[in-house]
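Here the structure of chain A is known, so what remains is to put chain B in place on it, guided by the hints.
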Amino acid sequence: MAVIALCDVNAMFASCAALEDPSLRGKPLLVAGDPGDRRSIVLTASYEARAFGVRTAMPVAMALRLCPGASIVAPDHDLYRRYSRRLFDCLQEFTPIVAPVSIDEAFLDLTGCPGISAGPQALGEQIRARVLSAIGLTVCVGLAPGRWLAKMAADLAKRREGGVLHLLGEDMPREIWPLPVEAFYGVGPKTAERLHALGIRTIGEIAQSDAIARLGHHGEELRRLAQGEDPSRVEAEGAAKSVSHELTFGSDIARPEELRGVLLSLCDQVAYRLRRSGLRAGSVTLRLRSSRFQTFTRQAPLPAPAQRADALFARALELLPRMPKAAFPARLAGIAAGALSEASADAPSLFPDPETERRERLADAVTALRARYGEAAVLPAETLGSAAEESYDRRRHGTSFGKPGRRQEPRDEP
Amino acid sequence: MLIFESPAQLLADALQLASRAVAQRDQVPSLTGVLLRASEGELELTATDGELAIRTVVRAEVSSQGTVLVPARTFSDLLRLVPAQAEVEFRGLEGQVGIRFLRSRFDLPTLRSEEFPPLDFTPEGDPLLVRGDGLKDLVRKTIYAVSARDDGRLFTIGMQLGVRDGHLTAAATDNHRLAWARTPVEGAAEEKDILVPARPFAEIVRILPDDEVEVFLNASRLIVRTSAMTMYITAIRAQFPDTRRVVFDEYATTVRFEVGPLLQAVERTQLVTDQRNARLRVHVEEEALRVSANSSEGGQGSEEVAAQSTGQPVDLVFGPKYLIDALRSLHGERAVLEVMHAESPALFRPDAEPRDQFGIVMPLRQAES
Numbered sequence: 046m047a048v049i050a051l052c053d054v055n056a057m058f059a060s061c062a063a064l065e066d067p068s069l070r071g072k073p074l075l076v077a078g079d080p081g082d083r084r085s086i087v088l089t090a091s092y093e094a095r096a097f098g099v100r101t102a103m104p105v106a107m108a109l110r111l112c113p114g115a116s117i118v119a120p121d122h123d124l125y126r127r128y129s130r131r132l133f134d135c136l137q138e139f140t141p142i143v144a145p146v147s148i149d150e151a152f153l154d155l156t157g158c159p160g161i162s163a164g165p166q167a168l169g170e171q172i173r174a175r176v177l178s179a180i181g182l183t184v185c186v187g188l189a190p191g192r193w194l195a196k197m198a199a200d201l202a203k204r205r206e207g208g209v210l211h212l213l214g215e216d217m218p219r220e221i222w223p224l225p226v227e228a229f230y231g232v233g234p235k236t237a238e239r240l241h242a243l244g245i246r247t248i249g250e251i252a253q254s255d256a257i258a259r260l261g262h263h264g265e266e267l268r269r270l271a272q273g274e275d276p277s278r279v280e281a282e283g284a285a286k287s288v289s290h291e292l293t294f295g296s297d298i299a300r301p302e303e304l305r306g307v308l309l310s311l312c313d314q315v316a317y318r319l320r321r322s323g324l325r326a327g328s329v330t331l332r333l334r335s336s337r338f339q340t341f342t343r344q345a346p347l348p349a350p351a352q353r354a355d356a357l358f359a360r361a362l363e364l365l366p367r368m369p370k371a372a373f374p375a376r377l378a379g380i381a382a383g384a385l386s387e388a389s390a391d392a393p394s395l396f397p398d399p400e401t402e403r404r405e406r407l408a409d410a411v412t413a414l415r416a417r418y419g420e421a422a423v424l425p426a427e428t429l430g431s432a433a434e435e436s437y438d439r440r441r442h443g444t445s446f447g448k449p450g451r452r453q454e455p456r457d458e459p
Numbered sequence: 008m009l010i011f012e013s014p015a016q017l018l019a020d021a022l023q024l025a026s027r028a029v030a031q032r033d034q035v036p037s038l039t040g041v042l043l044r045a046s047e048g049e050l051e052l053t054a055t056d057g058e059l060a061i062r063t064v065v066r067a068e069v070s071s072q073g074t075v076l077v078p079a080r081t082f083s084d085l086l087r088l089v090p091a092q093a094e095v096e097f098r099g100l101e102g103q104v105g106i107r108f109l110r111s112r113f114d115l116p117t118l119r120s121e122e123f124p125p126l127d128f129t130p131e132g133d134p135l136l137v138r139g140d141g142l143k144d145l146v147r148k149t150i151y152a153v154s155a156r157d158d159g160r161l162f163t164i165g166m167q168l169g170v171r172d173g174h175l176t177a178a179a180t181d182n183h184r185l186a187w188a189r190t191p192v193e194g195a196a197e198e199k200d201i202l203v204p205a206r207p208f209a210e211i212v213r214i215l216p217d218d219e220v221e222v223f224l225n226a227s228r229l230i231v232r233t234s235a236m237t238m239y240i241t242a243i244r245a246q247f248p249d250t251r252r253v254v255f256d257e258y259a260t261t262v263r264f265e266v267g268p269l270l271q272a273v274e275r276t277q278l279v280t281d282q283r284n285a286r287l288r289v290h291v292e293e294e295a296l297r298v299s300a301n302s303s304e305g306g307q308g309s310e311e312v313a314a315q316s317t318g319q320p321v322d323l324v325f326g327p328k329y330l331i332d333a334l335r336s337l338h339g340e341r342a343v344l345e346v347m348h349a350e351s352p353a354l355f356r357p358d359a360e361p362r363d364q365f366g367i368v369m370p371l372r373q374a375e376s
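Protein chains in written order, with my numbering: chain A, 46 to 459; chain B, 8 to 376.
Quick caveat, the hints were computed from the structure, so don't treat them as lab data.
Do not rely on the hints blindly, as some may be mistaken.
Now the stretches of chain B that chain A is said to cover, found in silico as 3 or more residues with beta-carbon under 8 Å [claimed, not checked]:
{"no.": "1", "segment": "183-195"}
{"no.": "2", "segment": "242-256"}
{"no.": "3", "segment": "362-369"}
Residues from chain B that keep clear of chain A, each with C-beta distances beyond 12 Å, as calculated [claimed, not checked]:
{"no.": "4", "residue": "Glu49"}
{"no.": "5", "residue": "Glu58"}
{"no.": "6", "residue": "Asp133"}
{"no.": "7", "residue": "Glu210"}
{"no.": "8", "residue": "Asp218"}
{"no.": "9", "residue": "Val222"}
{"no.": "10", "residue": "Thr233"}
{"no.": "11", "residue": "Ser234"}
{"no.": "12", "residue": "Glu265"}
{"no.": "13", "residue": "Gln282"}
{"no.": "14", "residue": "Val324"}
Positions of the beta carbon are idealized from the N, C-alpha and C atoms, including for glycine.
Excised from the complex, chain A in its bound form (with noise of 0.2 Å):
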């Protein structure tokens, strides 16, 4: 049988702050954006400073009467970067197939690999010891036969003495049933609100209910997951393959004229992140997910390499016609930019066009704005309005690499 890891870094940015900074150990620690200014949030807490209450995006005045004592220092993302790449170089010691999530929580697929031997459960925790012993950042570990589920065991894991969890199909029903369908991973507030509609309540009354076939598709894979089956398995990721983003709308997308907004927005966003990692795209692909959750792909590959949102955006739209109608309505839309490579690696025109210059100049203003005051400080007019205008991050700093069916919201962790 598969087994799935999932490694998540408790605290990591105030724990990589610690570990810089010995004085600042075993202290109650905020992240904050602006250590100087009390307006500013606190983006992550230490665990001594969690226990006085304070919680991610709590303004730091508000922490700091909670936790009068508490340390305040700036984020780092050079700092976290580093710890990062360590983290997962470390991961690897233990299998080839080590899929990052974001900055502080990666995929494993440990299938086969030499130290299962001791069993997952004892493999978990060699993982934990050898990256607290190796780096000093502490994990928990969720293992279960699929991503999903392992997902849920970390979670779980984060509540238990030793931070390890292996959850199998037997332990569904003590561990997961009795929580409520919001925990449940793939559950957003939409199908939770369908769930109740149908009086289902817990993720046990998934498993059991007959009323969730009302769901269709999506129906019988959460009731498959809810009853411990979960085929979604690990991809290898060497250097980022793709930059993506998807958006899952709030109400479905019936006609394909209506995707224009939410294209631009999610090249937009694809765009950005390009930008900010010095890569240029060879390919782009649009992915739909109708609303009997089939989902479709087409892919083209672009006529130069290219890192701005309208060429992107150009070759978005040229494969939207291309959908077979069978993805409407739709109930989301992503975009991948695929064929990476570095953006320095391309020299400079001899005979410059005025016209990409300007634009080349406004992609860099508006990513340096973005870098200072939020993904959604500055958004391009015709996504306003659309589906899209809400999925932009707001935060100051993104810590995220593109999730890939996820949103991005800040996370609090326990």
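Then chain B, alone, in the frame of chain A:
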């Protein structure tokens, strides 16, 4: 009804020649064919893909004149396999053609000849007289700088041909590098330019004989004529950039070196560059060029090549492929590298006068750090 006889070899060669202009994709079926027109004592073969057109004429014993459009692929494949000396008899009707040779007989379907576009091979004005091998040399020295794909700026897939100072000039650029060369021409009266699609042009130049051919730079097309064939290629409607914007009269740094040793050093050193971000450093010192690279996986390499430089020492960063292409295209053993500063266009040319060739490579931006 069209009936003629011709030696298999002669016909196969002519078909192969004409087939170079046949459309690769069959969106327009008639353009995948070769038009055969038999008249008194000769057979004319014509093909076009809409951009490039070729017409060639061979001797044939014609007993009934007429026109038929045959599918190029099947016919040239078949005729190539017929014994060379065999006499082939053709009997063509709209709809079907019969081919007989020795004791064999084939009946093959034809295409609708009335759908084949009318083609006019008549040039305007007096021809320029250029040697075929001179044209081949021009193409060899410049074709590498053409863009590998259509990136939206039309001039990057073109080759600009011009007449200037008794020479035919050729220039090509993908906007990150540029190649220029010239070859002597006779009959050049006035200066003029034409921008043609580079790859089809290279294709027709390849099949030219080495001796003298006639070239016409007409307003909307380029025509090349030899005793055996006439070809034309439709011009690209776009402006080629002014090469004088990237060539300077004087440079801050001038380096003389031997091409072979530098090329070998670059080829070895590029092995330790990153695939996705290949950067090769060329450090210009007074008596040497130092080529170096390193990769994120930890490999590194450095080589020194003898050189004589004057002016400012400079540190250049190149994409290795661009550097190799430029060096390989240079004629002769000794060459010159000239540059204003580390991020301005670098000029490579043979160390010889008169200046019949140069290549320009835009250096990569210096790493920030």
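Status of each hint after checking the structure:
1. 183-195: holds (count 3)
2. 242-256: holds (count 3)
3. 362-369: With 3 residues closer than 8 Å to chain A, the segment 362-369 of chain B meets the three-residue bar; holds.
4. Glu49: holds, 45 Å
5. Glu58: holds, 19 Å
6. Asp133: holds, 33 Å
7. Glu210: Answer for glutamate 210 of chain B: holds, closest chain A Cβ roughly 22 Å.
8. Asp218: Since the minimum Cβ distance to chain A is about 36 Å, aspartate 218 of chain B lies beyond 12 Å and the statement holds.
9. Val222: It holds; valine 222 of chain B is separated from chain A by about 27 Å at its closest Cβ, greater than 12 Å.
10. Thr233: Holds: least Cβ distance 35 Å, greater than 12 Å.
11. Ser234: Non-interface label on serine 234 of chain B holds, nearest chain A Cβ at 40 Å vs cutoff 12 Å.
12. Glu265: Glutamate 265 of chain B clear of chain A: closest Cβ-Cβ about 25 Å, beyond 12 Å.
13. Gln282: violated, 9 Å
14. Val324: Violated, since 9 Å does not exceed 12 Å.
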